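Since chain A is already given, all that's left is putting chain B on it; use the hints.
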Amino acid sequence: MEDLRTTVKGEILSIQDLPTLPGVLDEVSKLVEDPDASTEAIAKVISRDQVLSAKVLKMVNSPIYGFPGRIGTIQHALVLLGFNVIRGIIISTSVFDMMVAAMKGLWEHSLGVATASNIVARNAGFDDPEEYAVAGLLHDLGKVVTAVQLPELHDTILETVRERDLTYFRAEKAVLGFGHDRINAWLARHWHLPGNIREAMSRHHSPHLAEFYKPVACVVHIGDFMVRLFEFGTSGDDQTAYLRPEAMKELGFKMSDLERCLDELSEQMIDIADLSL
Amino acid sequence: MQKIPTDLAKPGMKLARPVVKDGGITVMAEGMELTEALIDRLSSMKIDKIVVHGNPVDMAGSGGGTAFDERLARMDHLFRHYSNDKWMSRVHDRMKEYFRFKAAQQAARQRAEQERDKLVEEPGTAGEAVNGEEA
Numbered sequence: 001m002e003d004l005r006t007t008v009k010g011e012i013l014s015i016q017d018l019p020t021l022p023g024v025l026d027e028v029s030k031l032v033e034d035p036d037a038s039t040e041a042i043a044k045v046i047s048r049d050q051v052l053s054a055k056v057l058k059m060v061n062s063p064i065y066g067f068p069g070r071i072g073t074i075q076h077a078l079v080l081l082g083f084n085v086i087r088g089i090i091i092s093t094s095v096f097d098m099m100v101a102a103m104k105g106l107w108e109h110s111l112g113v114a115t116a117s118n119i120v121a122r123n124a125g126f127d128d129p130e131e132y133a134v135a136g137l138l139h140d141l142g143k144v145v146t147a148v149q150l151p152e153l154h155d156t157i158l159e160t161v162r163e164r165d166l167t168y169f170r171a172e173k174a175v176l177g178f179g180h181d182r183i184n185a186w187l188a189r190h191w192h193l194p195g196n197i198r199e200a201m202s203r204h205h206s207p208h209l210a211e212f213y214k215p216v217a218c219v220v221h222i223g224d225f226m227v228r229l230f231e232f233g234t235s236g237d238d239q240t241a242y243l244r245p246e247a248m249k250e251l252g253f254k255m256s257d258l259e260r261c262l263d264e265l266s267e268q269m270i271d272i273a274d275l276s277l
Numbered sequence: 001m002q003k004i005p006t007d008l009a010k011p012g013m014k015l016a017r018p019v020v021k022d023g024g025i026t027v028m029a030e031g032m033e034l035t036e037a038l039i040d041r042l043s044s045m046k047i048d049k050i051v052v053h054g055n056p057v058d059m060a061g062s063g064g065g066t067a068f069d070e071r072l073a074r075m076d077h078l079f080r081h082y083s084n085d086k087w088m089s090r091v092h093d094r095m096k097e098y099f100r101f102k103a104a105q106q107a108a109r110q111r112a113e114q115e116r117d118k119l120v121e122e123p124g125t126a127g128e129a130v131n132g133e134e135a
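Residue numbers (our numbering), protein chains in the order written: chain A, 1 to 277; chain B, 1 to 135.
Just chain A, with the same shape it has in the complex:
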């Protein structure tokens, strides 16, 4: 897979500099592909990394996934939430880990969008809302990678947001030549994330263009819109996101459905407000 070269300054987001994911993740991914491997075996591998296990348990017990305080072991988490969700949690905590101080606002924004996506998915009547939650958790990961790999250009993006009063997404395009939607698609492919999560990551700004897994792109799109209304955390700018009417239509949502989701989100935000890494 190729590196991403910015059109403006020619700098590169390169694969070899990508954050290293915990070693257990590789091992676990192999086990998952093996039809003979048991959940118990997978759980055992994850549990070897105690710090990581503690983080995973903290996240799965947060109100985001809807089982607050009830999951005591990695194995139980795997059974209840499935491997995709656990993998998403491992990736997001590992990537944000490197940046936690500087990107606390984006972490909060991501937690908010995870929560909102769970709420929207449930209200739309979709099964497995935690899959949507983890897609929300990962939706802005490309912003973290820019900050880590191209810190100077990242500063320029933030400056452009302030000076030209643009959204972060537009400023990225002005400075890099592409947005975090493309970085997300690139990351998702590199990390072999499942199609639904990849599509949500790369299409949350343009869910109407999603070819596959349109519903999950629409859910995260609406989740992002909701969290920006509350300005919970920081997404990189202080604007609302364009709410695509197509996304509402895809979920069969009326404004009253959106408002019911906002009600639920405002109740839950307080419980996720200090969920640190």
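Hints listed in this document are in silico derivations from the structure and should not be mistaken for laboratory results.
Source: prediction; values computed, not measured.
Incorrect hints may appear among the rest.
[Stated by the list, open to error] Here are the simulated DSBU-like cross-link-like pairs (lysine-lysine), alpha carbons at most 35 Å apart as the crow flies: (1) Lys-104(A) <-> Lys-118(B); (2) Lys-102(B) <-> Lys-214(A); (3) Lys-104(A) <-> Lys-3(B); (4) Lys-58(A) <-> Lys-3(B); (5) Lys-102(B) <-> Lys-249(A).
[To be verified] Listed next, the stretches of chain B that the computed footprint assigns to chain A, with coverage defined by at least 3 CB atoms under 8 Å from CB atoms of chain A: (6) 93 to 102; (7) 106 to 118.
C-beta atoms are modelled at their ideal positions from N, C-alpha and C, and glycine is treated no differently.
Okay, now just chain B, sitting in the frame of chain A:
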């Protein structure tokens, strides 16, 4: 409801969420009214945050939250680039209406709570109007 540092807790505030210690043990129930003694106990148990009813503390600069009147005041700013877009203008109006309703509801609940407290404290004067407090 608002999450506040225990240092800023004042007698009379009411818990909107139970206080739970790290091990999962509930030490104070939801709805309990704080007293000096209870606040001291929270500090000695090293519980640094609590969730109380209303929005009693001005947490300047912390941004975001569920003080709905604050949200209402932010809508024009958040939607500032979409005034020429018909659909987004409609969304903007609708969201303002939503937060206006929520703010009114929040204020009414707080007033009702204050009146109830007043009834308990001075039963004779309960009929008198209570001035609206800021949410």
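Now for the hints, and whether the structure bears them out:
no.	hint	in the structure
1	Lys-104(A) <-> Lys-118(B)	42 Å, violated
2	Lys-102(B) <-> Lys-214(A)	32 Å, holds
3	Lys-104(A) <-> Lys-3(B)	18 Å, holds
4	Lys-58(A) <-> Lys-3(B)	20 Å, holds
5	Lys-102(B) <-> Lys-249(A)	25 Å, holds
6	93 to 102	holds (count 4)
7	106 to 118	violated (count 0)
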